[in-house]
Amino acid sequence: MSRHTQVAGLGELVSGVGPDQVLVCYGLGSCIGLALHDPVAQVGVLAHVVLPDSSLGRGGKAPPAKYADIAVPAAVAEAARLGGQPSRLVARMAGGARMFPVAGLNGTLDIGARNIEAVRAALAAAGIRLIAEDTGGSYGRTVQFFIDTGHLVVSTVGRGEHVL
Amino acid sequence: MKRTEAGLQVLRSAMEKGLADSAAALSAMTTGGIQLTDPELRLLPLQKVSEIAGGPACVVVAVYLRIHGDLHGHAMFLFSEESALRVSELLKGDPPGSAAKLDEEGLSALAEAGNICCSACLSALSDQTGLVILPTPPTVVQDMAGAILDPVISHLYMGGDETLVVETRFNHGIPGYFLLLPDQDSMAKLIAVLEALQ
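Sequences listed follow chains A and B, in order.
Read in order, the letters of the first sequence correspond to residues 1 to 164 in this note's numbering.
Read in order, the letters of the second sequence correspond to residues 1 to 198 in this note's numbering.
It is possible that part of the hints are untrue.
Unchecked claim - Computed list of lysine-lysine pairs in BS3-like fashion (alpha-carbon distance at most 25 Å, straight line):
#1 17(B) <-> 189(B)
#2 189(B) <-> 61(A)
#3 92(B) <-> 61(A)
#4 189(B) <-> 101(B)
These aren't lab readings, by the way, just hints derived from the structure by calculation.
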């Protein structure tokens, strides 16, 4: 089967319908790749979340998936637009690492842990079940989201690849 | 804030000085003959930074420091996987192409070199502008470029838009990148000083 791939850059949201669709986030560190899947309608949405909360912004125009609190409702709305049913949606996520594991350097930089919590809270608020996650640690991840199976394939540098 | 070619020229000459000082320091600590030339300056939007060395999923070696003082933000020296190998050979005095994989000793040599280059570039910028720039001790990380830059970009997203990227060449061939990622106020301050100096 020939696959059709779309890439979600920082703060972006991509979506697809049908078994040939693959959605990708490259090189996630503290960011989160959040995948919503409706297995019946074969609809998938992948959000590349950068920050936990839209109150951190300086106003102005932000891409739809930049903040966790806005990204989750935006992803649900996108799935619904493509024929997905909110009650059937399941979520998988990967990322939220702490890339510089040195004492004294982090503070404001440990945005990864805050992103994980914010995505979990926003999913709970939207009533969406989180069925698998690979988060935290101090290493990068690339994720590929296959709409046919709903699987999120996580690859790393030197830590192998696994499937959520 | 408006920036002029003359303002950028001040920045360019500071970076040339920083790289020349880096090369002298690296030559002194190794078997010698290390040159850092051909600086190419770019001001890039944050979202584009992870593209500079092959793309966000490409493996890079990055030496990272935070900066305080008159400028707040982050500085980094970054090598692609291939450049990291070649520069580690240069630093260890090994023949080109002899290293197939970056070992602990190579990584530690790169950490030292990256720290020297960052410090020399920041110090030259400080001399040129009169701004106090205080770096923290360095951290070295080997991983995907996008992942390494993520926490820095996330931090700056709360108040910053632009990054200074200086691409240089080790011994006329091997690319390396100095990145200055100040927060928004610091970038405005730096540009104002550069424009006043021209």
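Mind checking the alpha carbons of residue 189(B) and residue 101(B) for me, to see if they're no more than 25 Å apart?
42 Å, violated
Given the proposed pairing of residue 189(B) with residue 61(A), does the C-alpha separation stay at or below 25 Å?
24 Å, holds
For residue 17(B) and residue 189(B), compute the direct alpha-carbon distance and say whether it is at most 25 Å.
21 Å, holds
Below or equal to 25 Å on CA atoms is what counts here, so check residue 92(B) against residue 61(A).
49 Å, violated
The structure fails to meet hints 3, 4 from the earlier list, while all remaining hints are met.
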